[in-house]
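Visitor: Let chain A serve as the given structure and place chain B on it in line with the hints.
There are 2 protein chains.
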Amino acid sequence: MSDLSKNKIKWIRSLHQKKIREEEGLYCVEGEKMVLEAIAYAGDSIQLILHTTEFKFSHPSADSCCVSEKELAQISTLKTPNKAFAILRKKEISDFSEQNKLTLALDGVQDPGNMGTILRIADWFGISTIVCSKNTVECHNPKVVQASMGAIFRVQIAYVDLAQWLKKQSVPIYGALLSGESIYAKQELKNGILLLGNEGNGISEDILPFITHPIAIPRIGQAESLNVSVAAGILVSEFIRRTNS
Amino acid sequence: MSDLSKNKIKWIRSLHQKKIREEEGLYCVEGEKMVLEAIAYAGDSIQLILHTTEFKFSHPSADSCCVSEKELAQISTLKTPNKAFAILRKKEISDFSEQNKLTLALDGVQDPGNMGTILRIADWFGISTIVCSKNTVECHNPKVVQASMGAIFRVQIAYVDLAQWLKKQSVPIYGALLSGESIYAKQELKNGILLLGNEGNGISEDILPFITHPIAIPRIGQAESLNVSVAAGILVSEFIRRTNS
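Listed in order, the protein sequences are those of chains A and B. Heads up: the first sequence runs through residues 35 to 279, numbered per my numbering. Heads up: the second sequence runs through residues 35 to 279, numbered per my numbering.
Misleading hints may appear alongside valid ones.
Identical chains share a label here; the pair holds if one copy fits it or two copies do between them.
Result set (DSS-like, lysine-lysine): computed pairs, CA atoms no more than 25 angstroms apart in a straight line [as the list claims (entries may be wrong)]:
#1 201 x 168
#2 40 x 53
#3 125 x 135
#4 202 x 168
#5 168 x 125
#6 52 x 113
#7 40 x 224
#8 40 x 125
#9 135 x 201
#10 113 x 177
#11 53 x 42
#12 53 x 113
Simulated from the structure, these hints should not be mistaken for lab results. Fair warning: this is a prediction, and the values are worked out from it, not measured in the lab.
Okay, chain A solo, but in the shape it has when bound (with noise of 0.2 angstroms):
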């Protein structure tokens, strides 16, 4: 009944490596809702669809074929892979300079949980733009695109030089660091950028000489850190609950 080649599949599963991912310029997306989400929101970036015969979908345009359960699973990331999958074309970020709202930079985010749990949040919370340091963990990585929750096809992200970038940006730059100065207590919080760091390391010594405003939120008990997605959160909470009032 299907038309999935060996060597069809041995292609897929090589998408799956981030080598592959480049050269082709191609990513996958797992699973019914994510696929689902993929057709509304980034219908014209697929390349492929493949599902079982359960998967509901409509799409004017995009190639698709029916596969097997087994078949599934072998081009699955997924410990329970779910009646659908597709491949995509990624988008080319261009210009992404909006001076008028908050955006997040990354400096050297690794874990790919983190990353698509950051995604997230700018989607909740309307960041339309995240820029990263070449070394941020890639947004294409299966891991990445599934801890999204669909926010990869609707937040825009572009890979820089940091510092390179971060020189010719006229607006804040606030920099979360331990050091910093309370986000309670800070009189003004303006949009501007908002920059995060390593897991374990934090901001990188080249780049701390851009931030404009050292902010951290402040400690009461004994943790050492805060995971950087949900101090992520926090801070982006508190920019936008501070700026749309």
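Guide: Below, chain B alone, put in the same frame as chain A:
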């Protein structure tokens, strides 16, 4: 050089199962940093420290045993075991009512990473108690313990019949619901209980009636939801900001 018998290795590995942890009243902690935190904050609960020759520590009374890297790998749940491993006795929590502080209540949080991150949030903001429904992920699950980054030693966690417990409380019960009142707009936030639900299904039907104040984090963009630990971070931060000032 080592006195770690096959049987002992087998017994330690059995502690990675919830059932055995419950029978024995023990749990495990891994890695140099976590074991040092255990010594500092839960020293009297430590039953046994297993460590390589590289691990430097002092503990006046706990049994310890020098092991090889290979033995450490055999008992570890980590991909890259790191120098030390400890077995601790669980603490019984008898009295956890603290009417003057914010208490977190979790109704069916399932993901160990989320649970660990919520412990870390509590630890950061000085919340001393988390009350969990019986179907919330076990806090001594190895992934919870590791994700807590030491918070497991400083925050007390109780598993209760949540409906029965909530029924007896006289403080405000704030429930995180998509349909709740904006936390930003809410006129008054008092200390009480902050209730968070399951990742997929939110707060369960039988718990909803106990909520005296349904609250929400305003959504500006299009994400369907926030990660539960991120929501916990944002809500706790807002409570702390408002009740401490």
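Visitor: Now, for every hint given, state plainly whether the structure supports it.
Guide: Hints and how they fare:
For the homomeric pair residue 201 and residue 168, the shortest alpha-carbon distance inside one copy (16 angstroms) is at most 25 angstroms, but the shortest distance between copies (52 angstroms) is not. In this homomeric assembly, residue 40 and residue 53 come within 25 angstroms of each other (Cα to Cα) only inside a single copy, at 21 angstroms, whereas the closest approach across copies is 43 angstroms. Taking the shortest Cα distances, residue 125 and residue 135 sit within 25 angstroms of each other inside one copy (21 angstroms), while across copies they are farther apart (48 angstroms). In this homomeric assembly, residue 202 and residue 168 come within 25 angstroms of each other (Cα to Cα) only inside a single copy, at 17 angstroms, whereas the closest approach across copies is 53 angstroms.
Proximity of residue 168 and residue 125 under a CA criterion of 25 angstroms is satisfied intra-copy only: 17 angstroms inside one chain copy versus 45 angstroms between copies. Taking the shortest alpha-carbon separations for residue 52 and residue 113, both the intra-copy value of 20 angstroms and the inter-copy value of 21 angstroms come in at or below 25 angstroms. In this homomeric assembly, residue 40 and residue 224 never come within 25 angstroms of each other (Cα to Cα): the closest approach is 55 angstroms inside a single copy and 62 angstroms across copies. When the C-alpha separation of residue 40 and residue 125 is checked against a cutoff of 25 angstroms, the pair qualifies neither within a copy, at 28 angstroms, nor between copies, at 54 angstroms.
For the homomeric pair residue 135 and residue 201, the shortest alpha-carbon distance inside one copy (18 angstroms) is at most 25 angstroms, but the shortest distance between copies (44 angstroms) is not. Taking the shortest Cα distances, residue 113 and residue 177 sit within 25 angstroms of each other both inside one copy (12 angstroms) and across copies (18 angstroms). For the identical chains of this complex, residue 53 and residue 42 are intra-copy neighbours only, at 18 angstroms inside a copy versus 44 angstroms across copies, given an alpha-carbon limit of 25 angstroms. In this homomeric assembly, residue 53 and residue 113 come within 25 angstroms of each other (Cα to Cα) both inside a single copy, at 23 angstroms, and across copies, at 23 angstroms.
Of the numbered hints given earlier, the model fails hints 7, 8; all others are met.
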